[in-house]
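Each protein sequence line maps, in turn, to chains A and B. Using this note's numbering, the first residue of the first sequence is number 1, and each one after it goes up by one. Using this note's numbering, the first residue of the second sequence is number 1, and each one after it goes up by one.
I should point out that these hints are in silico values taken from the structure, not numbers from a laboratory. A few of these clues could be false.
Unchecked claim - Quick partial rundown of chain B residues pointing at chain A, CB under 10 Å, derived from the structure:
1. A15
2. P38
3. Q42
4. E46
5. K75
6. D80
7. F82
8. S88
9. I97
10. D100
11. L103
12. I104
13. D106
14. L111
Said to hold, decoys possible - Listed next, the stretches of chain B that the computed footprint assigns to chain A, with coverage defined by at least 3 CB atoms under 8 Å from CB atoms of chain A:
15. 3 to 10
16. 48 to 57
17. 89 to 95
The C-beta atom is built at its ideal place from N, Cα and C for all residues, glycine as well.
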Amino acid sequence: MEIDLSRPILERNDTLAAANRVRLAATGTFALDVLASPGAGKTTTILATLAFLGDRFRVAVIEGDIASRVDAEKVKASGIMAVQINTGGACHLEADMVSRALDALPLEELDLVVLENVGNLVCPIEFDLGQSARIVIASVPEGDDKPLKYPSIFAIADAVLLNKVDAAPVFDFDETAFTQGVRNLNGAAPIFRVSAKTGEGIGEWAEWLAERVNAVRASSL
Amino acid sequence: MGVTQEILNAITQAAEGAGATRINSVRVTIGELTEIVPDALQFAWEALTPGTLAEGSVLEVVETGGRSICLDCTKEFSHDRFERRCTSCGSYATKVISGDELLIDDIDVDLAEDASDGEAEG
């Protein structure tokens, strides 16, 4: 006997993500999903961004890692509220993990929740978390061909950060090729050149984010 | 692996709901623009299904190609995973209309009475 299902494979995750989105909208909290390969500088860029924004927003960070609390401890050491999710082997965050992490946060008192996804440019793509925006951080030492190798993640990004631009002189990084690679996949996402280490470009990117956080906050007032 | 587990959970639930004793085959649609590799799905299928209702079942993967519409010149065009720029006017403002599907289409199952029929026929 044939049974017609005609349903999305990730329906369960999509439903939970939609619930997260409703919950975040109700408290006027902006959720930023940060995607990058391991070592691109996710945690450092998040900390540099939050340091630039100072006390303009009430912020928490949800750290997604397969194991360890290293990143959450690093964030807490900067005086920022942090929750660690250990995915227990899964190579990406899923909506139910984020839902449980949101339970541990005082959402009504938060303007911005940063979701640091597991370092991976493939697996997180299909799993909606209920985020307000997704950014991809690529870094100079990884090479300019990242958009060619991992097209989907650049296609879905709301913004792309090119990190470690201070290291450009020692790497053969063709920035024009990188930009063209991103553009071929995504006509809309701004590309910000940043160095989380020196602070270069962090302001411009942080203001882009701040504008969106403010819009979400204003819509719930 | 996570995606395969989701498929298996969903079809097991549907099959149990229908009172099925066995899942013979499953048809899924996977878009070319997703990060799901059909070969990897098949591999995971063989690893995850033993001991479930879907043990020994066939996973049929229907692949759909990438297709977008240009928001500037409104032309539709086919494309691969690596470039989504309009092939007519060169605009970057395009929207995917097909190729990003991740769907479970249908399953074929044996009901309790089917199984005895099957034995009688075979």
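For each hint, the structure was consulted:
| no. | hint | result |
| --- | --- | --- |
| 1 | A15 | holds (7 Å) |
| 2 | P38 | violated (13 Å) |
| 3 | Q42 | violated (15 Å) |
| 4 | E46 | violated (18 Å) |
| 5 | K75 | violated (15 Å) |
| 6 | D80 | holds (9 Å) |
| 7 | F82 | holds (5 Å) |
| 8 | S88 | violated (15 Å) |
| 9 | I97 | violated (14 Å) |
| 10 | D100 | holds (9 Å) |
| 11 | L103 | holds (6 Å) |
| 12 | I104 | holds (5 Å) |
| 13 | D106 | holds (5 Å) |
| 14 | L111 | holds (6 Å) |
| 15 | 3 to 10 | holds (count 5) |
| 16 | 48 to 57 | violated (count 0) |
| 17 | 89 to 95 | holds (count 4) |
In this structure, the hints that do not hold are numbers 2, 3, 4, 5, 8, 9 and 16, in rising order.
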